[in-house]
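Peer 1: The whole structure should be built from the sequences, with the hints applied where relevant.
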Amino acid sequence: MTRDRQRWAVGAATGMVLLVLPFIASNYVLSVATLVLYLAYVGQAWNVMMGFAGQLSLGHSLYVGVGAYAAAGLFARYGVGPWAGVWLAIALCAAMAGVIGFLAFRLRISGVHLSLLTIAFAELVRIAFDHIDGLGGPGGLFLRVAARDQIDLRAFRGPPAMYYYAMLGLAAGALAVCAALLRRRAGYYWRAIREDEVAAQAVGIDTFWWKMRAVVLSAAMTAVAGVFYAFYYNSLFPEQIFSFSRSIEIILGPVIGGLGTLMGPIVGAAALVLLGDGTTELLARAGLDVPGGKHVVYGVLLLVVTIYFPNGIWPPLARVLGFRPKRL
Amino acid sequence: MARLVLEDVCKSFRGLRAVSRASFVVEPGTIVALIGPNGAGKTTIFNLIAGVHRPDSGDIRLHARSIAGLSPDAVCGAGVGRTFQLVKPFAGLSVLENAMVGALHRERTVAGARVRATAVLERLGLADSATLAAGRLTLADRRRLEVARALATRPSLLLLDEVMAGLRPAEIDEMVAVLRGLQRDEGVTILLTEHVMRAVMALSDQIVVLHHGEVVARGTPTAVVRDPGVLACYLGEETPL
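Here the protein sequences come in this chain order: X and W.
Residue 493 is where the first sequence starts when you use the working numbering, and the numbers rise one by one after that.
Residue -9 is where the second sequence starts when you use the working numbering, and the numbers rise one by one after that.
A couple of the hints might just be wrong.
No farther apart than 16 Å at their CA atoms in a straight line, the calculated lysine to aspartate or glutamate pairs in the EDC-like style are these [stated by the list, open to error]:
id, chain 1, residue 1, chain 2, residue 2
1, X, Lys786, X, Asp769
2, X, Lys786, X, Glu741
3, X, Lys786, X, Glu773
4, W, Lys78, X, Asp688
5, W, Lys78, X, Asp769
Simulated from the structure, these hints should not be mistaken for lab results.
Peer 2: Structure, rendered in structure tokens:
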């Protein structure tokens, strides 16, 4: 088999399995797969900002939370469905990212200080949502849980398979968008800024606006994940959704899979969830209840990857599978 | 073709005068070398032209248009390409991609930029390393890449900040030939700073000598090296023993 054939074979087989999964897998497996796709999607979104443009956000839970609350709030209070709500979510998150980006990049805040600023905004908004009584405050916002076997696309209610396919579509869409962006001017300019901002300016790149574009796009993509989250889990608490550990969960996938690569966020999310939940499940079956066991697995995985695969697990994995890992 | 004019340009850093009333002209299509001892203000003048610093007073004009105080990307848009004394390759990108980022400045499509970048790499003798990561190049090649990336933006004025530093004599001769070729074939105007006098003498049509931020001499290479003022600033005043 030529490498090209091998590549297509691996890609096609993966695609087929993903497409037929709801017909062959149990609801538990499907929920795990949905989580993998969800993390792959938000990881892809975060990767636009950090992996491509080199701007480290440690506060992406902000956009998941605001996106989730925007759509869930509209639905719970005014009966407006998520298909309209998602646009409000995108607009709000894009605007917030615009404000954060504008402040940071105009004041020339970068590196660690930018990361701290993103954490600060996420915390600020978390505290704010604790005080918005119309959206449940600290007590949480809940959506009516509908009958699980009926598909109601307008209200985005339905069986697990519907949520699975929605997330599969989103993850595939994000992959396609990112792949297209990397081939265009944006991809070249973002990576140039990531490598050396001063040199990027010297070849005529308006680094302020290109960084703004990355930040706003990343936030807008993440907002969509928030809408999904709201309608999938049906309950939102500021304490949870805006928490710092959620932001970290978002970045673990791309970091473990390979920063700045297209497949990294996907492979990383799969590795994280399968090892994390897999261990928990195995321990549970063995009759052992280990609270926090998942996080130990995350920690160990992160350690192993940092030491042995500093560029993530995707580049070496790609070579094994016959993909040419493109240097990005 | 570009005519660069500096008129009474001054720049101080916390009271320290780095450049003091510097005035000189770079005529279109010529190569001018800016020389002077360390700390004479050469790199400051480069950064003033390239938009890194804003002059305290005075004016900098290209094509009769003032570029003083523009941002670096706007200066590039006005037609100035520059290299950095401490090379700044996009280390994680390939050599070709480095040049393409520069070429995208004027090219509308990525495909067009690839064509332009390939031609520029060819010219600088980097075509064979096109797929290598820029961070893995030798110093000589990284200096060549600096020039290639700047040239890919199609500048009318090229600012070269010590592109010969750290090169071996044979590599210096190659670089001199490349720069001469650029001037001849593409009509690029070049302003360069250089410590390597062998290159300065071989390349420049005019030399501008800086000392303590002031222009102390300018003229043809042969005239300048005989100028007693120039000798004094390099070697010190002659004192009777």
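Peer 1: Give a verdict on every hint.
Peer 2: Verification of the hints:
Taken as a hint, the Lys786(X) and Asp769(X) pair is honoured in the structure, with Cα atoms around 6 Å apart against an allowance of 16 Å. Distance check on the hinted pair: Lys786(X) and Glu741(X) sit about 12 Å apart at the alpha-carbon level, within 16 Å; holds. Of the pairs offered as hints, the one joining Lys786(X) and Glu773(X) holds, with about 10 Å between alpha carbons and a cut-off of 16 Å not exceeded. With a C-alpha separation of about 7 Å, the suggested pair Lys78(W) and Asp688(X) falls inside the 16 Å cut-off, and the hint holds.
With a C-alpha separation of about 44 Å, the suggested pairing of Lys78(W) with Asp769(X) is violated against the 16 Å cut-off.
Checked against the numbered hints given earlier, the structure breaks only hint 5 and satisfies all the rest.
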